[in-house]
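Residue numbers (our numbering), protein chains in the order written: chain L, 13 to 114; chain W, 18 to 187.
These are computed hints drawn from the structure, not numbers from a lab. It cannot be assumed that every hint is accurate.
Which stretches of chain W does chain L cover? Using the computed rule of at least three CB atoms under 8 Å from a CB of chain L, they are [said to hold, decoys possible]:
(1) 54–67
(2) 70–81
(3) 116–126
(4) 151–163
With a straight-line Cα cutoff of 20 Å, these simulated DMTMM-like cross-link-like pairs (lysine to aspartate or glutamate) come out [unchecked claim]:
(5) 65/L / 105/L
(6) 65/L / 131/W
(7) 65/L / 69/W
(8) 15/L / 105/W
(9) 38/L / 109/L
(10) 94/L / 84/L
(11) 65/L / 105/W
(12) 94/L / 105/L
(13) 38/L / 105/W
(14) 38/L / 105/L
(15) 15/L / 22/W
(16) 15/L / 151/W
(17) 94/L / 109/L
Cβ coordinates follow ideal geometry from the N, Cα and C atoms, glycine included.
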Amino acid sequence: MAKIDLLFYLGAFLFCSGLLIVFTKKNAIMILLGIELMLNAANLNLVLFNSQKTGLEGQLFALFVIIVAVCEAAVGIAIILKTYHYYHTSVPDQISELKEKP
Amino acid sequence: MTIEDIILYLFMGSSVAAVLVMILNRNIFYASLGLLVCLISLSGIYALFQAEFIAVTQLLIYAGGVLVLIIFGIMLTNRISGKSLQTDSHNVFIGILFSAGFFGVISFSFYNTEQSPIVNNLNIVNHMSTVGTELMSTYAAPFEVSGILLLVCLIGAALTASSFKKNLNG
Chain L
13 MAKIDLLFYL GAFLFCSGLL IVFTKKNAIM ILLGIELMLN AANLNLVLFN
63 SQKTGLEGQL FALFVIIVAV CEAAVGIAII LKTYHYYHTS VPDQISELKE
113 KP
Chain W
18 MTIEDIILYL FMGSSVAAVL VMILNRNIFY ASLGLLVCLI SLSGIYALFQ
68 AEFIAVTQLL IYAGGVLVLI IFGIMLTNRI SGKSLQTDSH NVFIGILFSA
118 GFFGVISFSF YNTEQSPIVN NLNIVNHMST VGTELMSTYA APFEVSGILL
168 LVCLIGAALT ASSFKKNLNG
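Isolated chain W, as found in the complex (with noise of 0.2 Å):
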């Protein structure tokens, strides 16, 4: 086992035992921390599978960006002294039910193909420069969409967020 093996089960670890503390706390607080604590450790597996674009790009949009814009909401749409930071549970036993069984399917079909020949990957220039290039190269066009995507969605969410009055009909 060598100590590449140790911090991936110690990543993984700690990505389960976020998403516990997600599903089994009831404060809505502890629950964004425990993604932070998820994406983080998605983040440092990514690393270890030479992806390490995707791993910065997480760590700065999702943990940098998503998770501040969420907590952000907490605190705006939660009375903070009083209890309505905790959250209640409905729909337990279907949930369960439902989530588990998928966990079953998608373990079973897993278990049950035929998986390729893994193809040694570790000696393939795969570093960053290439990503960018792949990018503005071959996936220009998704790319410029993405982009457009970015704005539509900035200028939509600053629009419904806002709080001034419409006046548009006069």
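Next comes chain L alone, as it looks inside the complex (with noise of 0.2 Å):
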């Protein structure tokens, strides 16, 4: 087996891996960690096939998903201090209301 093979597969295992962490962890900044996990997994994917080929499409490729990636990490942890704020727990199960409690 190639080495870059053995990537591939690594690549399945994190993606697997975070969807794993997504599923079961309840903590809501698991979650946000799962997340990471699975855009790490595309971004080796993007690099890996970019080192097959000539040109730079892959490796740019993986640039915006780094940027998406950070959006989405800011967004998140601001989205859940304000929950913890509110509920004064970072478990989304119990969440279940919209509203503050009066």
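With the hints as a guide, bring both chains together as one complex.
If you want it as structure tokens, here you go:
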């Protein structure tokens, strides 16, 4: 097995681990970490496919994926902080009301 | 086996170990440190595959920015003295079944795919200056759009997380 095949399996493993973390963990920050892991697995695949051809499309697309991941992390952390300020919990299962409790 | 192969396997092993720490450990802080190790290992793998700009960007933005932001969020939303830094798990059976099945589907389809012959890319000039030139010439429009996206996200995140009372209604 060539080493680049092993790296594609590593990308698949990272994506599925992120999926497992999003499924099983209860805390909202852990869900955010899982999403970051899935985006990184996609980036790994983009860089690997780009290394097998001429041109730079894969690397630049990976760069834009990184930018979108940064935006997602910033807005996600802001929303988590705001919901923690209202509900005093960061577990999404315990947030079942849209408005602040009277 | 050359020295590059040894370094590559070292990075792959450390990233897999860090992800296993993220899954199995119940402490959120240790999980974020595991994500940090995984991101640094992935940056090393990028550097070994002629993507130096992506490697440096990964180190600067992820390991320097996003992880600090996430640790900041962990510190603010969990009481350190209590036991609420631990997180519980639910849907464990369904999650393992679904993700293992998805991994099986990806691996099976990749194993059965007829691959194109690998172009030897080592002699092509693929340095950071080429990335910069491409970014400012061919990909100028997505670059500007992503800049606007970053600006909007910055303002939105700051407005969402700030604690001043809105007095727009008078």
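Hints versus structure:
no.	hint	result
1	54–67	holds (count 7)
2	70–81	holds (count 6)
3	116–126	holds (count 6)
4	151–163	holds (count 5)
5	65/L / 105/L	violated (46 Å)
6	65/L / 131/W	holds (16 Å)
7	65/L / 69/W	holds (16 Å)
8	15/L / 105/W	violated (37 Å)
9	38/L / 109/L	holds (18 Å)
10	94/L / 84/L	holds (15 Å)
11	65/L / 105/W	violated (44 Å)
12	94/L / 105/L	holds (16 Å)
13	38/L / 105/W	holds (6 Å)
14	38/L / 105/L	holds (8 Å)
15	15/L / 22/W	holds (8 Å)
16	15/L / 151/W	violated (29 Å)
17	94/L / 109/L	holds (14 Å)
Going down the numbered hints, you'll see the structure goes against 5, 8, 11 and 16, while the others check out.
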